[in-house]
Amino acid sequence: DTKNKNGKNVVSGIYFYLIKDGTGKVLKKSKFAIIR
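In full-length UniProt numbering, the protein residues as written are 1 to 36.
These are calculated hints, taken from the structure and not from any lab test. Treat the hints with care, since some could be wrong.
[As the list claims (entries may be wrong)] With beta-carbon atoms standing in for the labels, derived distance ranges:
1) F16 - R36: 17 to 23 angstroms
2) K3 - K25: 24 to 30 angstroms
3) K28 - D1: 16 to 22 angstroms
4) T23 - T2: 25 to 31 angstroms
5) G7 - L27: 24 to 30 angstroms
6) A33 - K8: 14 to 20 angstroms
7) K31 - K3: 14 to 20 angstroms
8) T2 - K29: 15 to 21 angstroms
9) D1 - T23: 15 to 21 angstroms
All values derive from a computational prediction rather than experimental measurement. Heads up, the beta-carbon is just placed ideally off N, CA and C, and yes, glycines get one too.
Assemble the whole structure, with the sequences as input and the hints as a guide.
Spelled out as structure tokens, the structure:
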């Protein structure tokens, strides 16, 4: 939904993310762009 934890829209930019399993092992890392 491109909103931050306060419910506000995030700004344009490149965002990096990690998906981890329950033990902390990184399963996926990638990036995405928001252009407003």
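Status of each hint after checking the structure:
no.	hint	in the structure
1	F16 - R36: 17 to 23 angstroms	holds (18 angstroms)
2	K3 - K25: 24 to 30 angstroms	holds (28 angstroms)
3	K28 - D1: 16 to 22 angstroms	holds (20 angstroms)
4	T23 - T2: 25 to 31 angstroms	holds (29 angstroms)
5	G7 - L27: 24 to 30 angstroms	holds (28 angstroms)
6	A33 - K8: 14 to 20 angstroms	holds (18 angstroms)
7	K31 - K3: 14 to 20 angstroms	holds (18 angstroms)
8	T2 - K29: 15 to 21 angstroms	holds (19 angstroms)
9	D1 - T23: 15 to 21 angstroms	violated (28 angstroms)
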